[in-house]
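Note that the protein sequences, when read in sequence, are chains F and E.
Read in order, the letters of the first sequence are residues 241 to 356 in our numbering.
Read in order, the letters of the second sequence are residues 6 to 119 in our numbering.
All the given hints hold, so there is nothing to weed out.
No more than 27 Å apart at the CA atoms, straight line, and that leaves these computed lysine-lysine pairs for BS3-like:
#1 K111/E with K306/F
#2 K282/F with K114/E
#3 K8/E with K114/E
#4 K297/F with K8/E
#5 K282/F with K297/F
#6 K282/F with K306/F
#7 K111/E with K282/F
#8 K61/E with K114/E
#9 K61/E with K111/E
#10 K8/E with K111/E
#11 K254/F with K306/F
#12 K306/F with K8/E
#13 K61/E with K8/E
#14 K297/F with K111/E
#15 K8/E with K282/F
#16 K282/F with K254/F
Taking beta-carbon pairs under 10 Å as the criterion, some of the chain E residues facing chain F (in silico):
#17 L93
#18 A95
#19 S97
Here are some of the chain E residues that sit facing chain F, going by a computed Cβ distance under 10 Å:
#20 V9
#21 Q11
#22 R39
#23 Y41
#24 Q43
#25 G48
#26 L49
#27 V51
#28 S54
#29 R106
#30 L107
#31 T108
#32 F109
#33 G110
#34 K111
#35 G112
Rather than coming from a laboratory, the hints here were simulated on the basis of the structure.
Where a beta carbon is used, it is the ideal one built from N, C-alpha and C, also for glycine.
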Amino acid sequence: GALVYQYPRRTICKSGTSMRMECQAVGFQATSVAWYRQSPQKTFELIALSTVNSAIKYEQNFTQEKFPISHPNLSFSSMTVLNAYLEDRGLYLCGARDWGGQNTLYFGAGTRLSVL
Amino acid sequence: QQKVQQSPESLTVSEGAMASLNCTFSDGTSNNFRWYRQHSAKGLEVLVSIFSDGEKEEGRFTAHLNRANLHVSLHIREPQPSDSAVYLCAVSLLPGTGSNRLTFGKGTKFSLIP
Numbered sequence: 241g242a243l244v245y246q247y248p249r250r251t252i253c254k255s256g257t258s259m260r261m262e263c264q265a266v267g268f269q270a271t272s273v274a275w276y277r278q279s280p281q282k283t284f285e286l287i288a289l290s291t292v293n294s295a296i297k298y299e300q301n302f303t304q305e306k307f308p309i310s311h312p313n314l315s316f317s318s319m320t321v322l323n324a325y326l327e328d329r330g331l332y333l334c335g336a337r338d339w340g341g342q343n344t345l346y347f348g349a350g351t352r353l354s355v356l
Numbered sequence: 006q007q008k009v010q011q012s013p014e015s016l017t018v019s020e021g022a023m024a025s026l027n028c029t030f031s032d033g034t035s036n037n038f039r040w041y042r043q044h045s046a047k048g049l050e051v052l053v054s055i056f057s058d059g060e061k062e063e064g065r066f067t068a069h070l071n072r073a074n075l076h077v078s079l080h081i082r083e084p085q086p087s088d089s090a091v092y093l094c095a096v097s098l099l100p101g102t103g104s105n106r107l108t109f110g111k112g113t114k115f116s117l118i119p
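Starting from the given sequences, assemble the full structure and let the hints guide the process.
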């Protein structure tokens with residue numbers, strides 16, 4: 241079956257430091273990867289959509305300078321939160337889309353970021 | 006910009022009763038609708054995907070879509086304690102017809118009275 245693994249599950253970083261999170265697709269080809277954030281008391285916001293062989297599209301309020309994303313192949317993506325501050329707290333979800341199947345978006349369990 | 010609203014904010018039903026969750030969306034060109042479940046700040050589990058008017062059943066979960074009314078609902082048959090979670094409605098356009106962006110509602114917190 242199709243699975244998406246995210247690492248780490250939880251992380252704590254000091255204010256102003258950076259942390260990198262990873263997303264691994266297993267059992268399918270992730271031609272498109274979407275990174276979402278669920279901030280406390282809010283729903284999921286799309287940060288950016290990355291499609292292999294295309295430029296990464298960032299949503300309003302999110303920039304490459306703050307959330308650089310790498311999508312080097314069809315099974316892996318990573319995103320870094322640079323200079324993390326309190327407002328960056330939340331659950332970061334990676335959703336990988338399998339174009340070859342039913343175009344389902346499979347989500348990982350998320351990386352929970354706490355900022356001290 | 007797409008707006009997705011879910012109701013009620015929270016729902017409690019007795020074991021064995023049918024549970025109904027509602028979702029309205031603002032973009033009438035949307036054609037890709039999903040219901041997800043989130044257990045206690047974990048990741049998302051996809052329950053049902055529906056793309057055309059009518060209903061789609063996946064086990065005890067049935068989605069009803071009425072695009073003319075900008076409405077999609079989820080019905081949970083014979084809910085069980087393990088179904089207690091936050092249910093999220095997500096709406097987007099299928100690829101080739103525009104953005105692949107999923108817009109989420111704020112969720113309905115569902116719980117069961119044993």
